[in-house]
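Guided by the hints, dock chain B onto chain A, whose structure is given.
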Amino acid sequence: MDPTRRALAHLFRRAGFGASPAELEAAARAGYDATLERLLAPEQVNDDEVEARIAAAGLDQSRIEGLRQAWLLRMLHTRRPLQEKMVLFWHGHLTSAVAKVGGQRVGLLARQLALFREHALGNWRALLRAISRDPAMLFYLDNRLNRRGAPNENYARELLELFTLGIGQYTEQDVKEVARAFTGWTVSREGEFVFAERQHDDGPKTIFGRTGRWNGDDVIDLILEQPAAAPFLARKLYRFFVADDPPAATIERLAAAFRASDWDLRVLVGGILHTPEFQSEQAYRARIKSPVEFVIGALKALGAETVPPDTTAALRRMGQDLLNPPSVKGWDGGPSWINAATLLERGNFALRLAASRGEQAPVFVDPAAIAAQHPAPEAWVDYWVERLLDGDLPASAREALRAYVRDGATANNGALADLKVRGLLHLVLASPYYQLS
Amino acid sequence: MLTRREFLRRGLILVTASAAAPAFLVKAAAHAQVPSADPRSRSRNVLVVVQLSGGNDGLNTVIPYRDPLYRELRPRLAVPEAEALPLDAELALHPALGPLKERFDAGQLAIVAGVGYPNPDRSHFRAMDIWQTAEPEAYAETGWLGRYLAGCACGGGEQAAALSLTPTLPRALWTESVFVPSLTSLAAYRFQSDPRYPADRAARLRALQALDATTEALRPYAQFLGQQSLNALASAEAVQRVAGSWQTPIEYPENNPLAVALKAVGQLIGGDYGLRVAYVQLGGFDTHANQQATHQRLLEQLGGALDAFQRDLEAMGKADQVVTMTFSEFGRRVRENGSGGTDHGTAEPLFILGTRVRGGLYGRQPPLDDLDSGDLRFQVDFRAVYATLLDRWLGSDPVAVLGRSYAPLDFVGA
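So the sequences go chain by chain: A and B. In terms of this note's numbering, the first sequence opens at residue 1 and continues consecutively. In terms of this note's numbering, the second sequence opens at residue 1 and continues consecutively.
In case anyone wonders, no lab produced these hints; they're calculated from the structure. What you are looking at is a predicted structure, and each value in this text was computed from that prediction instead of being measured. Yeah, the Cβ is synthetic: ideal placement off N, Cα and C, and Gly gets one too. It is possible that some hints are incorrect.
Said to hold, decoys possible - Covered stretches of chain B, as calculated for chain A (at least 3 residues, CB under 8 Å):
(1) 135-141
(2) 164-171
(3) 183-197
(4) 204-211
(5) 231-242
(6) 374-381
Chain A with its partners taken away, still in its complex shape:
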């Protein structure tokens, strides 16, 4: 694969959900820089088609399965992949889970996703103010019940520990005082944010050593004045987009620019995607794909039109139950995605794509056409390696796949193609190499 396409495939895997052959082709014509700028400016890209597809799918988005399917369909077809990748990031960072929010309030989770979409590359301070007023979050971390004289610390603690600063950057007393500042931030019977003034404790509070009659918005300002705030988010986003070991100097530089921009997320994310590290050989296939990246990436590469109905259940078994993360910390990511069961599950999902035949098949695999185009069976290996792995596979691994084509091969060529072209697709998607982004 030529270097530009390889770099673009990398960009789409990280700043999106992978690319279909047609998308890669179009991006190669536009060039790398123009493609990156387009990803960073989603508001300039018309995405009506994906709305039409979601509407046409007739999903009941007031139910959790319908909402999940609609979201996966959006990931598969959106022309604003970086925006949607950020929605997935925010969902894993400013988490809410249906198990707590409640199956009867799925509409609130849909609104939360819409909020993440609106602020995807917006402003960090504005997003923090918005999520602190988000009804699903007010349910998830109980702030709707946080009242004067009877504070509930749940939101206050996680706002400091997980959302903005990290453990060690605040005291237990700060948690208690921040909880007081958010008293009265609650949800109306109609499911809207309200500030219940009579439930708000407007007495003086001491937070990070500063005393005042602070309210929730003041707390967000105080948090952003802490030196830990900018590097905290920069580090997490760097890990999300580049690699697990962010260099300190790079984080420092990104954090300084982020702070100087008055918390412009486009500056931070754009800065990360423009770092030399992002395009370096060290970053290439250096991350482990999340289950969503694995599944949507495979569907895109194989030109799927729809998301198979069993995908949400498969994602759950792979360890990523969308809209229901295991804890308020979201998903740990990296090597923790991989264990014996989740790895087998990835292989078994790959098999379902590779071995499903006929009208209802989620992806159309045409072994006869591939065999006609590549008469030598061993060339089927190269076909899939080019399409799924940027043509990048060590000779020893290629040889292992060729040996598979020879292993138990029968004389009948038509049957052989159906068996081995599909078998190779199964093996490539199940291989360690394909799990890397």
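Same frame as chain A, now just chain B:
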């Protein structure tokens, strides 16, 4: 079926992961061996750990039901005295724990009151790490059960088998030398192949193993993935060999995720998988609001699942080989909050269940008139509980696992 060890024997070289790969898991995978299910371990003791995730409200689990301070600090949440299940004149179980009360009366349940550690942490994640690593003062990589497995003097090159019925491997089981699978369903834990060509399955398995073995030092995570895959394929075949052999006559409770997990553990013990440690969890204990109904349901699930599991062990004639311990990352604040819930707290009671347990009350209930900024003061270090189980149940050296000695408790025999 090839394991990584056999690949090594055949001369395929697997070098250690690149230094750029940061995570401990990566380092561990490079060395971990798949323990073979060993029928010789049939007579050996099994420890089952039940993690109650989110911070269980210990004060409403083992209740100082006659203490007026309890009622004063818990005006809405206090369990009425008439409903609590008395253990003695001071303490009672939550009414949802009827099955455990019966086990207590039968002398099979030990309750250790007031378990914790100095300077308790109230972050879910740090507190859970502390309980799982048994290291309150430092950030440790390996888990206490992982260190037990790594150093287990099982003899004859045999390795202890452990398994976690959780979506990811809990740090408690992190070790550098033993491969511990985590899975949520025995049935789904298998390598599937194209049903149209059953004869091709063996070829695909061979090919995938060969692919897994080509990942040496390529990209930071490639080798990790290859090793995990080889281990997964070997361990899945081992689990499938025994999974169907014990058909339990016990009806486990429905709509109970802990029961599902414990039933799977029962299948493996019944099938003589050679298990030494099993890890399961029940989540949802982070009851900041409207605690009463949620806590009632969770404790019902806990009691129901543990009771079914014990009956299952009795039915297979192996109840004498298994001890089960529960724990949570912390208890909850003594005074209820304004939302009908409780915030993060400190010390908690632990349950130790089994036919060879010396039932009764251990430790000491933390007094409600001597709180530390509203939280209970711990009376028993959790590492003393671990040390007891390591020494008297698993037959291992607690100092090697915990770094120092702790006076054992008497809830299991020496």
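Can you confirm whether chain A covers the stretch 204-211 of chain B, using C-beta to C-beta distances below 8 Å and requiring at least three such residues? Coverage by chain A holds here, the residue count being 6 at a Cβ distance below 8 Å.
Can you tell me if the stretch 231-242 of chain B counts as covered by chain A, using C-beta to C-beta distances under 8 Å and a minimum of three residues? holds (count 5)
Verify this for me: three or more residues of the stretch 374-381 of chain B with a beta carbon less than 8 Å from a beta carbon of chain A. violated (count 0)
Three residues or more, CB to CB closer than 8 Å: is that satisfied between the stretch 183-197 of chain B and chain A? Satisfied; 13 residues make the cut.
When I compare C-beta atoms, does the stretch 164-171 of chain B have three or more residues closer than 8 Å to chain A? n = 3 at 8 Å, threshold three: holds.
Can the stretch 135-141 of chain B be counted as covered by chain A under the rule of three residues or more with Cβ-Cβ separation shorter than 8 Å? Coverage by chain A is violated here, the residue count being 0 at a Cβ distance below 8 Å.
In terms of the numbered hints stated before, the structure departs from hints 1, 6, listed from lowest to highest.
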